[in-house]
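Novice: Top to bottom, those sequences are chains A and B.
Each number in our numbering comes from the position in the first sequence (counting from 1) with 9 added on.
Each number in our numbering comes from the position in the second sequence (counting from 1) with 3 added on.
Careful: at least some of the hints might be erroneous.
Claimed, not checked - Some chain B residues close to chain A (C-beta under 7 Å, calculated; not the full set):
| id | residue |
| --- | --- |
| 1 | Leu119 |
| 2 | Gln138 |
| 3 | Ser141 |
| 4 | Ala142 |
| 5 | Phe166 |
Don't read these hints as lab results, they were simulated from the structure.
Just so it is clear, CB atoms sit at the ideal spot from N, CA and C, and this is done for glycine as well.
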Amino acid sequence: MNVKELPISRQGIVPLLIAIEAMVLLPLWFYIPSWISALTVALLLGKYVMYRKGITPLRWVLLIVVLLCVGGVFLQFKTLNGRDAGIGLIALMYTFKLLEARSYRDASLILFISFFIVVTAFFYSEAIWMGLYLLVAVLSILLGLVALNSPQGVQGLGSVGKISGVTLLQAIPIMVLLFFFFPRSSTPLWSMPTDTQAGSGIDDTMSPGSIGALHTFDDIAFRVDFEGEVPPRSEMYWRGLVLSEFDGFTWFKEEHSPIRQELELPMTSTYQYRVQMEPNNRNWIFGLEDLAEAPDGAYLFSDFTWNRRRQTTKRFIYSAQAYDIDFSQRQLTDLQSERYLQLPSNSNSDTREWAQEQRSNHQSDEAFTRWILSYIHQNQYSYTLTPAVIEVDTIDGFWFDTQEGFCEHYAGAFVYIMRSAGIPARVVTGYQGAEYNPYGDYYIVRQSDAHAWTEVWLEGVGWRRIDPTAAIHPSRVEEGLRSDASSRDGWLEEFGSDVGFDTPNGLFQNLALRWDAIQNFWSETVMGYSQDMQFNWLRKLGIERHQYRYLGYGLLATILLAGLVFGYFVLRGAQKLEPVTKHYLRLLKKLQKHEIPCDRTMGPRDVLQLTRHTSQKVYSRAAPALKTYIAMRYQEQAVDSELLKRFKQQVAKV
Amino acid sequence: MLSVIKQKFFSWVDNRAPRQTMTLLQQRNIYILPTRYGWLMLMILVLILIASTNYQNNMGFMAGFVLLAVGLLSVFYTFRNLKGLEVRCLKAAPVFATENASINVQLTNNTQSQRLAIGVGLSKKSVGYVDVMSQSKSAAIIYLPTSKRGLVDIPRIACSTIFPFGIFEAWSWVRTPYQVLVYPKPIPCPEPLTASNSGIDEGQTREKGSEDFHSLRDYQAGDPIKQVMWKAYARERGLYSKEFEDYVGEHQTLSWDSVAHYEKELAISYLTDAVLTAENSQQVYGLELPQQTVAKGQGPEHLHTCLKALALM
């Protein structure tokens, strides 16, 4: 019998392979096109039926179906070259291979290719579940290999399968060390096509009035670690974009350019923080106001926003500082004044006239600004996520008729009023507030924290942040939004004590926070482990130069160490002799010391004779032990602990 | 070129594996290399690491390093599967040329770990698999094809294993001092052998013949005195002679001269066939070869003596 030549139809290898393929493909089914998922499931089930009925598929039929599938993938993706098309194709071929598998070679190929399929799943998700998937998938592949390579096949898995579990457990520490030392690259080896999925979160336009219902998502936008002091949550304004162009309906991002020279503004650093941003498929990143120096890999723009050159398609980690910028010595240029006062002349004329009229009743821009805020506070303006849709003159409609909306309505209307009154103003979008996670000592900013506020240019002061939404009277905040919002939104927290909002601290909330802390550790420290982090800890060890070389030393040391440690433990198991043989070998060694030319290849009787002929003295001492050994080995003498003990003593006497 | 390297390599291997009745597999005589699937795995591993570097995918790195660690560990596991095994070749029974000699290889495991899927064969590529449980023995039979008569050295025997993962193959070559005796291939002679039969040796015939008592008849003058039934004569029942079976033509001496005109190997084959025929029809036969003569006889041992003489001629 030769394992290599055996067909895999023996001993349940085929069902095992089917189970392994299903296990390996499991996460992919959620990401690849559903017809491919369905087809792979059908092929696996088909293989099982064929196995039970003993049918082998005809090669030419299979070939035609494979070609049809390749055509299908091409139609789906319009290419066979991209990542998604490639993974779809690989998943199909993987199951087709099993369908026609009949030899050891086929089965081996399938099992080793499985490792690669596992990795393709990680292109779609690096969540903590995927770590579990990795372990289970590798374990099942190893189990498959053991079954394939042992003559008893699956039957012996109970006792034999232990070896795959033990191997995996031993592999984990080696993996951790290699993971730690393997040099990472900060740039990709070749450029990859970017994904075209729509990102959730902040958009670069804003059209208040057109949206009938705002869906808030609890997805995490980013997590923040503060070093040292932490601002109050009501002060956490995470600036993303500045929208200053208005066409009467929609606010647009302005054309802006990066600031290349040093900022010549007096400023003081306030907070230090680290952001771990979830992919949003956009160029912009968020920072705590006021923004200045851009983090590595990003640029500061003239409207004090940050942009990256590339879209954030993977988790992006950056460190930054918040500043207090003193604009008091600055003047707006004519161009800037014009931009921040620009309004379309053909719409929303009611609001414009009203604003101009009200401005004339006030002494200064600042007084007028404050008056508008108190106007919102005292009148029937309310906060709702499901405002009425306004067809034309959205600002007029909101300001005079509906008087309900969310941050975008208020920010848009406020800037419109300011500009009408001759005060330069702009809309800022981003996130406001954060949820503190005590289990990981960091803050979570979610998509539902998305917010819009404004900036107003006051002569002698510069840009001043004004959040008109915060001026709404708390009693007019939609019921049900309160408890939800109060936990996160700093702008409501100010009023929290007035109306008695509960701070949720139930069991579920705690568990959720703990879970997020674990996920944060996973995504920030484990999945976010990068070249920067490698060089950082090397620097802490005092290694500034030749960092790659030291990582290489680490790798080499890991492999050597693993070899020594596991070599010792694994091989020691092979040398562990059963006691009778062990004592007998000791006896032989002793006899050799007494210059009796015996060795292991001789039978014990020969040794006995040899000893008698060589030295009578040694013979008298060694004979009892040798005779006991012969009795135990050749005369079916039952070996019990008593006899073993006697044998041991007899050997000791020699 | 390749064959020269192969020859050099195997003479080096043979130097390290002396012919002995028992070989203990240990560091110095176990070799280990990746299997073709091991190389495939290495390729996949490199692919995974390149892809992970490019996509900066730490999950991918993890998978790659688990794979690397499994590969590393499988070196030890595969090696351990052979280490400490005792290999013994038992003496092989003689066979006729072109038949397969069956060589009994005994694997002894004195350790407390079980050894699974140990392949034993004439080369690594053609092995049969046995499991050797802890503190036990297992036997594997290797079929050695023979072509020529004579004493044949048992070639080096490969003990190999790819257990548990098939990533690495560990193997050892074991050599035994025993030889296989290969009898000549029996070929029936196209013409009857001009057997130099006919009781040339009177005494021998009689001696043999006197053992096979057949019947009694009246004494006739000239009957050998030994065949007279003296007991009956003593009782005054008359003089009888014991009659013995007639062996003439049925006990023969197979002589080299009768086939000497054929080509030598063919002649030997013809004689072999004649010996076997004689044995099978329970004849008494002897063998006369140029260097050696086997006295007449019968039975398995006698057959072996004759065949051995023919094999080693």
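Novice: Next, verify each hint and record whether it holds.
Specialist: Hint check results:
A cut of 7 Å between beta carbons decides the hint on B/Leu119: the least distance to chain A is about 5 Å, and the hint holds. The criterion of a C-beta within 7 Å of any C-beta in chain A is met by B/Gln138, whose closest approach is roughly 5 Å, and the hint holds. Proximity of B/Ser141 to chain A is violated relative to the hint, the smallest CB-CB distance being about 12 Å (cut-off 7 Å). Contact between B/Ala142 and chain A, as hinted, is not supported at the beta carbon level, the nearest pair being about 14 Å apart and thus beyond 7 Å.
Checking B/Phe166 against chain A: minimum C-beta separation of about 5 Å stays under 7 Å; hint holds.
The structure shown violates the earlier hints numbered 3 and 4.
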